[in-house]
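**Q** Given only the sequences and the hints, what does the whole structure look like? Please build it.
With numbering that gives the first Met the number 0, the residue at position 141 of the sequence shown is 140, and numbering never jumps.
Just so you know, the hints here were simulated from the structure itself, not pulled from any lab data.
We put the beta carbon where it would ideally sit given N, CA and C, even for glycine.
Treat the hints loosely; a few may be bogus.
With a straight-line Cα cutoff of 30 angstroms, these simulated DSS-like cross-link-like pairs (lysine-lysine) come out [said to hold, decoys possible]:
#1 K57 x K72
#2 K276 x K250
#3 K250 x K49
#4 K276 x K49
#5 K49 x K72
Derived Cβ-Cβ restraints for the label pairs, each shown as a range [stated by the list, open to error]:
#6 G245 x C39: 22 to 28 angstroms
#7 E87 x P237: 14 to 20 angstroms
#8 E21 x D53: 42 to 48 angstroms
#9 S13 x T288: 19 to 25 angstroms
#10 D178 x D53: 31 to 37 angstroms
#11 K57 x G114: 24 to 30 angstroms
#12 P259 x D133: 52 to 58 angstroms
#13 E67 x G114: 35 to 41 angstroms
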Amino acid sequence: MTLLETFDFDTAESLLGALRPESRRFSGARWVFRGQRNACWGLLPSFCRKEAFDRFPKVRTSVRPIAEEDLRKWGGQWLGTDENERREHALEIYSRLLMQARMLHDFARLADELGQPIFGDLPGSIEGVRRRWDDEGLLPGWRFAPGPVLALAQHHGIPTLLLDWTWSPQVAAWFASEDAEPQYEHIAVWAVDLDSVGTVLRPYFCPRNQMGFLHAQHGLFIHLTQPFNTADSMKAWPAFDAIAEGTRIRKLRLPTSQVPQLRNLLAEDRVSIAHLKPTLDNVWAALRTDW
Numbered sequence: 000m001t002l003l004e005t006f007d008f009d010t011a012e013s014l015l016g017a018l019r020p021e022s023r024r025f026s027g028a029r030w031v032f033r034g035q036r037n038a039c040w041g042l043l044p045s046f047c048r049k050e051a052f053d054r055f056p057k058v059r060t061s062v063r064p065i066a067e068e069d070l071r072k073w074g075g076q077w078l079g080t081d082e083n084e085r086r087e088h089a090l091e092i093y094s095r096l097l098m099q100a101r102m103l104h105d106f107a108r109l110a111d112e113l114g115q116p117i118f119g120d121l122p123g124s125i126e127g128v129r130r131r132w133d134d135e136g137l138l139p140g141w142r143f144a145p146g147p148v149l150a151l152a153q154h155h156g157i158p159t160l161l162l163d164w165t166w167s168p169q170v171a172a173w174f175a176s177e178d179a180e181p182q183y184e185h186i187a188v189w190a191v192d193l194d195s196v197g198t199v200l201r202p203y204f205c206p207r208n209q210m211g212f213l214h215a216q217h218g219l220f221i222h223l224t225q226p227f228n229t230a231d232s233m234k235a236w237p238a239f240d241a242i243a244e245g246t247r248i249r250k251l252r253l254p255t256s257q258v259p260q261l262r263n264l265l266a267e268d269r270v271s272i273a274h275l276k277p278t279l280d281n282v283w284a285a286l287r288t289d290w
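**A** Encoded structure:
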């Protein structure tokens, strides 16, 4: 089981105080942080959330017949099982892989065509993904290997198996407060000790010179090493915080009513949309609050 500790704070000042180095709450280990606007949400990457793909109905419709054809060809090798009740789950997972492949290919090709920097090799077509699985089918032992193009696409809205983290607890607090909604009682800043991460999870350090926002946000990623092992046994993905056995995880909660004060305090520490997403439009957005 994970070593999860939860801490509640009543004020923005007390939360930020706990996150500062002088509190020593996170000393003696390599802690990384993530902010979420709903403290009830687990740590689940967008690829594992069905609603993330439901935003792209045209792509889903286009890949569904392809996924069905390939699964028929593979016979019983649906996530290592021939149980009929799992077929729909296997079909959904493979459809998501094909959707991601198509979106990643189209995103990278158009960006390159327009002269935007794309680091690493351009991703292949959806046919390349199909050939990759042709010999084995969709099996649990597949190991996920991220790259810079996938990380770039993740930052622009394509669902992936990557989960964003930062070395800065203040940056995580800002993202927890971004788009916070009153119906959520608490926001959360999560912390994970990288030195305690076992074989289920793995960090991915994308070179910061390849992504300007990643540099500004002191960012990195964490991902499941063998995502289909987990998906197969559960018929759905559990959150990272439920499966990372032995991993030290902390969750710091703050009432959503404290978000305006939190944003003000973070701005005083030069943590704002202009600093974390440095574009001229965001400089304007940050200054408007003072004008």
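**Q** Which hint numbers does the structure go against, in order from smallest to largest?
**A** Hint 10 contradicted; others consistent.
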